[in-house]
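Engineer: Below, each chain spelled out in residue letters.
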Amino acid sequence: MADLTTDFCGILSPNPFWLASAPPTNTGDQVMRAFDAGWGGAVWKTLGNPIVNVSSRFGGLDYGSTRLAGLNNIELITDRPLEVNFREIREVKRRYPKHAVIASLMVETREEWREIILRAEDAGADGLELNFGCPHGMCERGMGSAVGNEPKVLEEIARWAVETARTPVIIKLTPNIGDITEPGEAVVRSGAHAISLINTVKSIMGVDLERMVPLPRVGNASTNGGYCGPAVKPIALHLLSQLSRHPQIRRLPISGIGGIANWRDAAEFIALGSTTVQVCTAVMHYGYRIVEDMIEGLSDYLDEHGMKSVSELVGKAVPQYQEWGDLDLSYRVVASIDERTCIGCQLCYVACLDGAHQCIHLPGRTEAEARAAGHTHIPAHVPDRVVNLGNAVGAGARVPFVDEDECIGCNLCALVCPVSGCITMKELPTGKPPETWNDRVQKGTDFVPGGLEATARARAAAR
Amino acid sequence: MHHDPHSMHLPEGRLEERFADKKPLYDPAEAVAEANRCLYCVDAPCIKACPTAIDIPTFIHKIATGNLKGAARTILGQNLLGASCGQVCPVEVLCAGACVYTGWGRDPIKIGRLQHHAVHEALAQKRDLLPLAPETGKKVALIGAGPASIAAAGWLALDGHRSVIFERKAIPGGLNTLGIAPYKMKGRAALEEIAWILELAAGRIELRTGVSVVEGTASDHEVSAADLLRDHDAVFLGLGLGADSALGVPGEDGPGVVGATAFIERLKADPTLTLDGVTRALVIGGGNTALDALHELSLLGVDVTMVYRRSEREMPGYEHELEAARVDGARLLENRVPVAVRREAGRAVGLLVAKALDGKPVVGTSEELPAELIVVAIGQSRATQVGLAFPGVALDGKGRVVVDPATHRTGNPRVYSGGDCVNGGKEVVNAVAEARIAVRAMSAMFKQGAT
Numbered sequence: 001m002a003d004l005t006t007d008f009c010g011i012l013s014p015n016p017f018w019l020a021s022a023p024p025t026n027t028g029d030q031v032m033r034a035f036d037a038g039w040g041g042a043v044w045k046t047l048g049n050p051i052v053n054v055s056s057r058f059g060g061l062d063y064g065s066t067r068l069a070g071l072n073n074i075e076l077i078t079d080r081p082l083e084v085n086f087r088e089i090r091e092v093k094r095r096y097p098k099h100a101v102i103a104s105l106m107v108e109t110r111e112e113w114r115e116i117i118l119r120a121e122d123a124g125a126d127g128l129e130l131n132f133g134c135p136h137g138m139c140e141r142g143m144g145s146a147v148g149n150e151p152k153v154l155e156e157i158a159r160w161a162v163e164t165a166r167t168p169v170i171i172k173l174t175p176n177i178g179d180i181t182e183p184g185e186a187v188v189r190s191g192a193h194a195i196s197l198i199n200t201v202k203s204i205m206g207v208d209l210e211r212m213v214p215l216p217r218v219g220n221a222s223t224n225g226g227y228c229g230p231a232v233k234p235i236a237l238h239l240l241s242q243l244s245r246h247p248q249i250r251r252l253p254i255s256g257i258g259g260i261a262n263w264r265d266a267a268e269f270i271a272l273g274s275t276t277v278q279v280c281t282a283v284m285h286y287g288y289r290i291v292e293d294m295i296e297g298l299s300d301y302l303d304e305h306g307m308k309s310v311s312e313l314v315g316k317a318v319p320q321y322q323e324w325g326d327l328d329l330s331y332r333v334v335a336s337i338d339e340r341t342c343i344g345c346q347l348c349y350v351a352c353l354d355g356a357h358q359c360i361h362l363p364g365r366t367e368a369e370a371r372a373a374g375h376t377h378i379p380a381h382v383p384d385r386v387v388n389l390g391n392a393v394g395a396g397a398r399v400p401f402v403d404e405d406e407c408i409g410c411n412l413c414a415l416v417c418p419v420s421g422c423i424t425m426k427e428l429p430t431g432k433p434p435e436t437w438n439d440r441v442q443k444g445t446d447f448v449p450g451g452l453e454a455t456a457r458a459r460a461a462a463r
Numbered sequence: 464m465h466h467d468p469h470s471m472h473l474p475e476g477r478l479e480e481r482f483a484d485k486k487p488l489y490d491p492a493e494a495v496a497e498a499n500r501c502l503y504c505v506d507a508p509c510i511k512a513c514p515t516a517i518d519i520p521t522f523i524h525k526i527a528t529g530n531l532k533g534a535a536r537t538i539l540g541q542n543l544l545g546a547s548c549g550q551v552c553p554v555e556v557l558c559a560g561a562c563v564y565t566g567w568g569r570d571p572i573k574i575g576r577l578q579h580h581a582v583h584e585a586l587a588q589k590r591d592l593l594p595l596a597p598e599t600g601k602k603v604a605l606i607g608a609g610p611a612s613i614a615a616a617g618w619l620a621l622d623g624h625r626s627v628i629f630e631r632k633a634i635p636g637g638l639n640t641l642g643i644a645p646y647k648m649k650g651r652a653a654l655e656e657i658a659w660i661l662e663l664a665a666g667r668i669e670l671r672t673g674v675s676v677v678e679g680t681a682s683d684h685e686v687s688a689a690d691l692l693r694d695h696d697a698v699f700l701g702l703g704l705g706a707d708s709a710l711g712v713p714g715e716d717g718p719g720v721v722g723a724t725a726f727i728e729r730l731k732a733d734p735t736l737t738l739d740g741v742t743r744a745l746v747i748g749g750g751n752t753a754l755d756a757l758h759e760l761s762l763l764g765v766d767v768t769m770v771y772r773r774s775e776r777e778m779p780g781y782e783h784e785l786e787a788a789r790v791d792g793a794r795l796l797e798n799r800v801p802v803a804v805r806r807e808a809g810r811a812v813g814l815l816v817a818k819a820l821d822g823k824p825v826v827g828t829s830e831e832l833p834a835e836l837i838v839v840a841i842g843q844s845r846a847t848q849v850g851l852a853f854p855g856v857a858l859d860g861k862g863r864v865v866v867d868p869a870t871h872r873t874g875n876p877r878v879y880s881g882g883d884c885v886n887g888g889k890e891v892v893n894a895v896a897e898a899r900i901a902v903r904a905m906s907a908m909f910k911q912g913a914t
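Residue numbers (my numbering), protein chains in the order written: chain X, 1 to 463; chain H, 464 to 914.
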């Protein structure tokens with residue numbers, strides 16, 4: 001069995017699965033139950049001067065019958081006295097010395113930072129996560145994402161923390177920023193030890209159309225909240241990758257956060273440069289028990305791929321994340337529909353016809369019918385297939401087919417197909433040598449006819 | 464109010480009320496969950512399998528988005544009896560049977576239940592969902608108040624025409640009110656739907672129950688064919704089917720032997736019907752009416768066996784209905800032909816049957832099946848003779864009214880027909896589809912005549 005233990009800038013934990021700073025880590029009782037369930041670490045619900053919260057606080061995004069594809073919240077940091085929190089941290093560390101307990105912190109002044117860091121470390125926290133990410137409520141008071149949005153301020157506060165702290169300082173970043181490498185570089189300059197990201201995305205979950213109040217509703221009004229859950233995962237993976245391929249920032253360990261709900265999500269974050277991962281929404285949805293699958297799935301994955309420890313997986317996919325200009329323009333795939341498994345729903349057909357390149361056709365049509373349906377290219381090759389047997393319909397009558405000459409390999413049909421494995425994208429060797437756009441720029445062949453005259457004139461002048 | 468309000472009510476204490484719904488109404492969350500399972504196929508096979516060609520994926524998508532009124536419009540625009548059909552359609556052999564999930568070996572979308580849900584919810588909120596044409600001054604007589612005539616009257620009203628429905632019985636709806644297996648739909652639900660159709664356009668539809676159409680001179684509670692043609696711009700014959708056919712075996716006449724549709728009608732409408740003293744029953748036949756009677760009796764706790772003269776494989780009734788009846792305790796005895804009813808002191812006590820080969824009795828193979836109730840479901844006679852009272856109307860060799868399938872017009876250019884009297888006995892949804900064709904043709908005819 002693969003070794004799942006992790007060393008995150010000196011913070012050790014039995015596995016890379018940490019709970020993110022959020023309601024699941026609000027109390028010592030919760031964190032201890034989470035550790036019993038198998039979680040390797042917990043970032044405590046953000047500590048600071050206690051606040052008051054509103055009711056209600058959460059909003060959910062459903063897609064079809066899938067609940068909580070996304071979740072937003074307008075809850076603030078801890079509403080419990082600091083001493084109670086510190087007493088519980090002390091108790092958790094006493095009972096779970098091998099698990100990671102990170103104190104998430106958010107205060108304003110240098111004196112406050114100093115006091116809270118000393119008290120958190122006194123309570124036994126293994127590390128400190130500076131919450132520079134919260135995009136609602138606290139940022140209006142100059143904290144949270146208000147800090148994360150200002151690299152200079154971020155750097156200064158992080159420096160204060162590093163000066164005081166005896167344990168590692170992790171900076172939690174906000175995704176609500178144009179270029180994530182700016183705060184990332186500020187972290188490097190500050191001397192902080194690690195980064196965690198992403199915090200939640202600024203969001204409004206919807207509108208109550210009867211009351212004309214955005215959601216989640218607090219009486220007759222609402223406010224923007226922080227968005228998380230499976231829907232934000234692609235955004236988080238991108239921002240993570242931006243940091244993990246940055247020549248300086250990549251030297252810091254990163255704890256990945258954003259829509260992680262299972263072992264596969266976790267493995268993807270690790271492959272793109274996370275050392276540990278943090279989970280919140282999936283636990284808020286299903287409870288601590290989901291970690292069993294995460295541990296088991298990641299361990300089996302590592303075993304099956306000959307990796308002895310989780311550290312071998314860290315960053316393995318990063319080199320393959322490149323600029324668009326470095327992608328091979330000679331590579332080509334085309335869609336292939338498996339006649340035997342196709343159920344004839346024709347979702348691929350309509351998706352291609354209305355949303356892509358009109359290269360999927362229905363069998364049994366005349367050219368006139370195909371043109372009337374909206375096809376401008378008539379396929380040269382039509383599969384030889386029985387579509388009508390008198391009144392009866394042949395087995396393949398509803399199975400669409402791909403005009404490979406026209407297919408541009410966009411994936412859309414495969415993405416909408418409800419049958420697993422029915423539509424595959426098969427590689428079609430073009431016989432051309434690999435060539436990227438940047439190669440063309442080098443060679444001066446980065447010009448596609450049919451553009452603007454002004455562009456053509458400028459190019460001619462430059463030559 | 465043109466109709467007798469008493470005709471729209473069924474009394475308390477009927478056996479029908481004892482039956483639970485096999486497919487109860489969805490609550491909104493159930494409906495949305497099921498709607499979200501629908502793949503929203505393109506040019507969907509379910510639409511093609513629906514006799515009324517309802518755009519099923521579209522109405523299901525609308526349920527999923529919370530657009531219930533739109534869903535009901537999509538359904539009712541094609542099928543005014545969408546609520547009934549959602550409950551009584553044999554979806555297993557129609558839309559759901561064609562669902563791509565079925566071919567995929569997965570549970571098909573519960574299209575009937577979704578349709579029932581959408582129409583029920585929408586009509587509970589807002590009853591005027593469909594566009595209403597201005598009055599044309601045209602007037603149509605509809606003979607019989609079964610699904611064909613009710614649907615036709617609704618579409619005539621939406622098209623701007625007035626109509627009068629003449630129904631021989633005291634209660635309107637035909638088999639939809641009085642013949643549907645109660646675990647599928649109750650009579651009161653059918654009557655509620657009729658009430659909605661009668662209100663589609665205030666005053667455009669008149670329902671006259673307890674009135675028979677006759678060929679010659681009309682007496683009380685009668686109206687003559689000639690008068691109908693004189694007083695209306697067109698006539699629609701929705702005659703349905705006639706009385707249950709008899710076995711024609713000794714001992715048949717008398718208590719304890721009943722026709723299936725007559726029995727089911729009493730079950731649904733007559734509070735005096737009881738099954739006291741009936742512990743064992745036999746249903747004779749192999750069609751869907753036989754299967755309904757079989758299933759109903761088994762649900763009422765009777766030890767019931769269906770006796771069919773051929774093999775299970777040859778039964779015309781739906782396989783899924785036999786399966787469902789069996790789950791509720793009913794049995795099938797195949798390859799048996801009734802020979803005689805045995806009576807003691809006038810009461811039926813058993814049925815003598817012979818073994819059968821290819822549906823024909825084998826001599827010397829008689830056995831007795833004990834039963835206190837014998838339900839005969841071997842078909843219904845025709846009720847189409849009255850059609851002949853209209854000049855130009857013809858019947859085919861099987862007694863069905865002859866129409867042009869494109870218009871459902873009979874040999875008389877002002878007389879149209881649809882439903883069981885034309886198709887020989889199909890589903891409610893077929894009657895609705897035929898009524899729609901007839902109304903389209905009538906409206907076109909009126910328009911042509913006007914220009």
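Some hints here could point you the wrong way.
With a Cα cut of at most 25 Å, we get these calculated SDA-like pairs of lysine to any residue [claimed, not checked]:
(1) H:K532 to X:V416
(2) H:K889 to H:Q911
(3) H:K532 to X:R459
(4) H:K511 to X:V416
(5) X:K152 to X:D122
(6) H:K511 to X:L61
(7) H:K589 to X:D208
(8) H:K511 to X:L353
(9) H:K532 to X:L61
(10) H:K532 to X:D208
(11) H:K532 to X:T66
(12) H:K511 to X:R385
(13) H:K589 to X:M212
(14) H:K532 to X:M212
(15) H:K486 to X:S65
Since the hints were derived computationally from the structure, they do not count as laboratory data.
Engineer: Work down the list of hints and note, for each, if the structure agrees.
Structural biologist: Cross-check of the supplied hints:
Between H:K532 and X:V416 the CA atoms are separated by roughly 28 Å; this puts the pair beyond 25 Å, and the hint is violated. Our distance criterion of 25 Å between C-alpha atoms is broken by H:K889 and H:Q911, whose separation comes to about 32 Å. Distance hint between H:K532 and X:R459 is unfulfilled; the C-alpha atoms sit about 59 Å from each other, more than 25 Å. With a C-alpha separation of about 23 Å, the suggested pair H:K511 and X:V416 falls inside the 25 Å cut-off, and the hint holds.
For the hint linking X:K152 to X:D122, the alpha-carbon distance of about 29 Å lies beyond 25 Å, and the restraint is violated. Restraint check for H:K511 and X:L61: not satisfied, since their Cα atoms lie roughly 35 Å apart, outside the 25 Å limit. Proposed proximity of H:K589 and X:D208 is supported: the alpha carbons are some 22 Å apart, at most 25 Å. For the proposed pair H:K511 and X:L353, the alpha carbon gap of about 22 Å is at most 25 Å, so the pair holds.
With a C-alpha separation of about 24 Å, the suggested pairing of H:K532 with X:L61 holds against the 25 Å cut-off. With a C-alpha separation of about 19 Å, the suggested pair H:K532 and X:D208 falls inside the 25 Å cut-off, and the hint holds. The hinted pair formed by H:K532 and X:T66 meets the criterion: a straight-line CA distance of about 24 Å does not exceed 25 Å. Distance hint between H:K511 and X:R385 is fulfilled; the C-alpha atoms sit about 21 Å from each other, no more than 25 Å.
Between H:K589 and X:M212 the alpha-carbon distance is near 23 Å, which keeps this suggested pair within the 25 Å criterion. Proposed proximity of H:K532 and X:M212 is supported: the alpha carbons are some 22 Å apart, at most 25 Å. For the hint pairing H:K486 with X:S65, the CA-to-CA distance comes to about 21 Å; that is within 25 Å, so the pair holds.
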